[in-house]
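Novice: Each chain is listed here by its residues.
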Amino acid sequence: MKVSIFITCLSDAIYPQVGEAMARLLARQGIKLHFPEAQTCCGQPAFNSGYWDEARASARTLLEAFDDSDFVVSPSGSCTGMIQHYYPTLFKDDPVMLKKVHQFCGKTYEFSQFLVNVLGVTDVGAHFPHKVTYHPSCHGSRLLGIKEEPRQLLANVRGLELVDLPFAEDCCGFGGTFAVKMSDISGAMVEEKAQHVLETEAEVLVGMDMGCLMNIGGRLRYEGRPVRVMHLAELLYEGVKQEV
Amino acid sequence: MSTTFNPTTTIKERARISLNDEFLRNAVKYTTEKLRTSKKLASDELGNWEEWRERARQIRLHTIAHLDYYLSEFVKNARANGVHVHFASTAREAVDITLKIAEAKGAKSVVKSKSMVSEELHINHRLEEIGVEAIETDLGEYIIQLAGETPSHIIIPAIHKNKQQVADLFSEEAGETLPPETPILAGFARAKLREKFLEADIGMTGCNFAIAETGSMVLFSNEGNARMVSTVPKTQITYMGMERIIPSLEDLEVMATMLPRAATGQKLTVYMSAITGPRRPDDSDGPEEMHIIILDNGRSSQLGDPEFQEVLNCIRCGACLNACPVYRHVGGHTYGWVYSGPIGAVLTPRLNQDTEKWGEVAYASSLCGACYEACPVKIPLHDMLVYIRRQKVEEGHTPASERMAFKGFKYIMSNHRRFKRTVNLGRTGQKVVVRDGVITSKIGPLKGWTEYRYAPSLAEHSFRDSWRNLYAELEGSTPDMSSDVMKRLEEAKKKQGGRRHE
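Note that the protein sequences, when read in sequence, are chains P and A.
With the first letter of the first sequence counted as 1, position 24 gets the number 24 in the numbering used here; the numbers rise by one all the way through.
With the first letter of the second sequence counted as 1, position 315 gets the number 1315 in the numbering used here; the numbers rise by one all the way through.
Rather than coming from a laboratory, the hints here were simulated on the basis of the structure.
Among the hints, a few may not be true.
To be verified - Capping the alpha-carbon separation at 25 Å, the derived lysine-lysine pairs in PhoX-like fashion look like this:
#1 A:Lys-1196 to A:Lys-1100
#2 A:Lys-1494 to P:Lys-2
#3 P:Lys-147 to A:Lys-1378
#4 A:Lys-1487 to P:Lys-32
#5 A:Lys-1494 to P:Lys-147
Treat the numbers as computed from the prediction; the structure is a model and nothing was measured.
Make a model of the complete structure from these sequences and hints.
Specialist: In structure tokens form, the structure reads like this:
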């Protein structure tokens, strides 16, 4: 069984620790991850901006990279959503590629989906004695229907106090190029999201998408607020590392 | 201050004005939150909300797929009921038909109940030009008419106004200072509008649903004004978008279940009227003459388009506006045309059939999908917004700098070696701007980002750079896969062919 990581361009270049945490957590389950080098980006920035030809060029690298993988696991609900929800549209006029796309969609999972729904793991044995709030990213929850998986994993972390984020389901204002193109609107959205995070008085904000976390975390630092921002995999790994 | 319809400004300019308007933002947040909460309670109480949504969607899909059939059935039955049915392919034609009726009736005054379609016509101004007074009788519409504005929400037209602002507007109209108290303000409007109802020559309404099998038009309202408008004046004119049709009364039951719950969280609106033709000899009230003007105005061009036909399924409940995090911050006038929020961002370029001029509104979305989730008939608005953006690209209406940027994206992202080299270059290049691991500089290409938050820096070693070492380390230390995990993987692999997402 070849289980591969789709790291996403963002985590690859900016947040490699997320991929490392995933690889180490999965190794504890006896899974040796593979990293097919040919992968680049899911193509979402181009797709969402309407540049579908450009998006396809990028998507092809993934289809090629993961052609012989049995499972593909990614630390992003948004990039996984792009694959699951939009690749069939992107390649609808190309029957050969479309067949590959359907296979690819079938074997691709967001990290918490893979852990909970495939491996049946809801307790990784972590201890993380902190007050934590959780932001459910839009694409993970709405495009992929991931609602309970991250919560189940967090509920089984010993010492962790999970506090509800007010208006949790509201978008943080990231939206890829939206954040730059409509910066004033996006800025207002992230300002409010950061405000809601601060209202919880949590020490840590956890999520399943580095795009959203980069946005909210960037705002919190801009305001000089010491809230730690972590990907779910990072939090879980830190929790098991301390146990060893 | 609020913006009204002004096509000479850009959406960014309009958004900036709204974002600087604390009153507007607080008023919109307050009301949309209230509506969201009520909708949630009402749909939970009803139960099986997803099944209801699917049922409503199927009715709308079926009707729109056979719109020609149901429309002609409706027209046939409405005419048999004694209604004068007119077709208008453009807003201008609808105006001309209206003015002709008004002139033939020698009308001096018109009372209107709420109609979004009539906003497409700017009918009030056109009536005033020929000396006919047109009065909005829905309280919210009355408020914005006094303010000289357009509706900023599909069902709550004055959502952006607070009590004090309403009191100021009414005081001016009353010629005396009215306190910002709801009973007093509502009392003033009621007294004032009552006079208008009694002296009006024509009553104008919109149409929530038109029932093909009976030829009836159905109105949902909360204030009772639609009943006054459709019973007191001698002549009634109803505006109806050509897609308002549903096949039967049985389908109305589903729509009557969904529309009020999705819109305001009500189980039923206070008034639901089904009007089947003008006054009959035994009727105690009703108009002597009834006209229905069926408006196309860009709608028929959605038919047969696989990407956009579903936008005609909309039942104008406004739930997508209430769920939208962008609408929440900028309100309705930012969108620049009649319809606002996510549905407006799609309808505006589509009904105007001009993506170059109107398509920029499709960028005012983070594509979070809250609109789709809120929609009682499951219109994939977040997908449609991407299709509009793609049209802009295909038609060559995006900025040259953006086209260049995505050319670069394609070059870099179509090959992992190029991607790796680009990241390495960036790492060297960023040294001049990175402080304490973040970029704070408000100049350069990241300006839009850094104005509101810090940007992260590229990691010292990318994941792909450090993978070899990590792999080697894990290779030696990873325990063997347990038979349980192996079994789970095998089971999951068998099911992979059946995994599909909407």
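Novice: Take the hints in turn and mark each one as holding or not.
Specialist: Here is how each hint holds up against the structure:
{"no.": "1", "hint": "A:Lys-1196 to A:Lys-1100", "verdict": "22 Å, holds"}
{"no.": "2", "hint": "A:Lys-1494 to P:Lys-2", "verdict": "14 Å, holds"}
{"no.": "3", "hint": "P:Lys-147 to A:Lys-1378", "verdict": "19 Å, holds"}
{"no.": "4", "hint": "A:Lys-1487 to P:Lys-32", "verdict": "16 Å, holds"}
{"no.": "5", "hint": "A:Lys-1494 to P:Lys-147", "verdict": "24 Å, holds"}
Checked against the numbered hints given earlier, this structure breaks none of them.
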